[in-house]
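Assemble the whole structure, with the sequences as input and the hints as a guide.
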Amino acid sequence: MKNSKKSALLGIKKPLKLDSGKNLKNFKIAYQTYGKLNKSKNNAILICHALSGDQYAAGQNPTTKKPGWWSKAIGPNLPIDTNKFFVICSNILGGCLGSVGPKELNPKTKKIYNMSFPVITIRDMVNAQKMLIDELGIKKLLSVIGGSAGGFQALQWAASYPEKIITAIPIATSFRHSAQNIAFHEVGRQAIMSDPDWCNGNYIDKKKKPEKGLSVARMLAHITYLSEEAFQRKFGRNLQNKLSLAYSFKTDFQVESYLKHQGQTFVDRFDANSYLYITRAMDYFDLPSQKKGGLKNIYKNTPVKFCVISFTSDWVYPTKYSKEIVDALNAVGANVSFVEIQTDKGHDAFLLDEKEFNETVRGFLKATANRMGF
Amino acid sequence: MNRLDFEIIKNVIKNDSRILDVGCENGELLKFLDKGKTIDGRGLEISQKNVNICVKHGLSVVQGDADKDLISYPSKSFDFVILSQTLQATHSPEKVLNQLVRISKRAIVSFPNFGSWLIRLKLLINGVMPQSNSLPHTWYTTPNIHLCTIKDFKKLCEKNSIKIEQGFYLNKNGKEINNPLNKHFNNFFSTSGLFVLKK
Chain A
1 MKNSKKSALL GIKKPLKLDS GKNLKNFKIA YQTYGKLNKS KNNAILICHA LSGDQYAAGQ
61 NPTTKKPGWW SKAIGPNLPI DTNKFFVICS NILGGCLGSV GPKELNPKTK KIYNMSFPVI
121 TIRDMVNAQK MLIDELGIKK LLSVIGGSAG GFQALQWAAS YPEKIITAIP IATSFRHSAQ
181 NIAFHEVGRQ AIMSDPDWCN GNYIDKKKKP EKGLSVARML AHITYLSEEA FQRKFGRNLQ
241 NKLSLAYSFK TDFQVESYLK HQGQTFVDRF DANSYLYITR AMDYFDLPSQ KKGGLKNIYK
301 NTPVKFCVIS FTSDWVYPTK YSKEIVDALN AVGANVSFVE IQTDKGHDAF LLDEKEFNET
361 VRGFLKATAN RMGF
Chain U
1 MNRLDFEIIK NVIKNDSRIL DVGCENGELL KFLDKGKTID GRGLEISQKN VNICVKHGLS
61 VVQGDADKDL ISYPSKSFDF VILSQTLQAT HSPEKVLNQL VRISKRAIVS FPNFGSWLIR
121 LKLLINGVMP QSNSLPHTWY TTPNIHLCTI KDFKKLCEKN SIKIEQGFYL NKNGKEINNP
181 LNKHFNNFFS TSGLFVLKK
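Protein sequences, first through last, are from chains A and U.
The opening residue of the first sequence carries number 1 in the working numbering; numbering runs sequentially from there.
The opening residue of the second sequence carries number 1 in the working numbering; numbering runs sequentially from there.
Simulated from the structure, these hints should not be mistaken for lab results.
A few of these clues could be false.
Below are the DSBU-like pairs computed for lysine-lysine, each with C-alpha atoms no more than 35 Å apart in a straight line [unchecked claim]:
| id | chain 1 | residue 1 | chain 2 | residue 2 |
| --- | --- | --- | --- | --- |
| 1 | U | K95 | U | K199 |
| 2 | A | K36 | A | K84 |
| 3 | U | K76 | A | K292 |
| 4 | A | K300 | U | K105 |
Next comes the structure, spelled out in structure tokens:
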């Protein structure tokens, strides 16, 4: 599957009204599509990417030259089958791969936004996606699917536009950011902002890059995406290219080398300010607070069919949060399936080739397609 | 355990109903009902492994426990709630029964009849806890912690003002017993009972 850079200019006639009260006009959302939109335009699936993801969900990512982040799940005959479905994945609002974000030009001032970019929320991201879907002429999505922060978006879609989607698959996710979630993000942000090369956010103008800060933020976050078992299984106390301890502070252990590598490759592809804005948006996510009566009232009378999926070893968004979503959905008689996948791979399990997980997504989508007669 | 009462349940359920199968195991009944009927079927199942199998097959099933989780469903949210051969394995059959009739317009409940003559005979003659096709476990491995007879069940319904709309008295093959004697002695002849309840 080929990726060709696609983008839509949105908010021309009507600006995007942000939760902060500010407006975004004439902004770009970059996206990719896979498969073909059928004549009745009812086979479209929106994939929502997570914090560090992008629109290159399948095929080859032109920046990293690596396979797209969900290329194991999206493609011909794969769980999200592009022979059947038309798959759309857009770079989120505030992202750094073509959609409007802090590193893009402010059309008003003709200068790079940097920290003058408005603080955005998950709901803002979803509203922007909705504008894109309208632009593509799609009246109703067959499904909105996303893991982690992508799951926030899937839940928000079902809350904001229930009549516009048939099913939602929120994966490894939660309905709000917990104190611990916020805490981890704050350490990451502080790492970036205390890097002298961050230059109060104006590093592009100063031709610098807060590589160290962003790298540390990524290393920390990456620890949370795996589980203790996965770390132990992968690295144990193995030494990196040496037979004994060096009695120094250079890289002794394999796990150190691995994290440094994760940090470095991230810096090459991700913008530090985008990281600040997106983590902030995630911290602000608190779905029950959007309506009096919380989740139950948000999903009251919802026509959306849900498939909630969690992973046993996910300690970023543990199963109990998925269960709370399921309980709220049951309480309003919503149509919901809930699957917890047994795995030691942690939060990132949804990105990996977990058989049970793949089969669940495949089965749920297949049943949806059958009901719709294709 | 083979759920022998599928056909009867299928006949009781009307088209276009919203159904919850409590303890749906691997979704056999839901799939069976979906074939001949247009239903909106859901399932509640305690084993995550079974839930995963169901969802893989496109069924709407959540992991949960009949004893604890029925309470989260709104009142009268289903046309039919089915509890097939599971009541005897719950911790609080009385509470479960009341939840079933609360969340549904009609509850379909079936259970093995501990009052059947064969069970009585086995206990009388052998003097040990009886085992049969519908009760295959030993007393120390059985999940069936609240066995009852059809008479016991009817008394419990009466106590809770639950109306029994229909009763089916089944032999060991899950077929209705046509023997006229059974009318008066169903607690003696039936291997299991299936009841349509309302409150």
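Hint check:
no., hint, verdict
1, U:K95 <-> U:K199, "14 Å, holds"
2, A:K36 <-> A:K84, "8 Å, holds"
3, U:K76 <-> A:K292, "24 Å, holds"
4, A:K300 <-> U:K105, "20 Å, holds"
In summary, the structure agrees with every hint in the numbered list given earlier.
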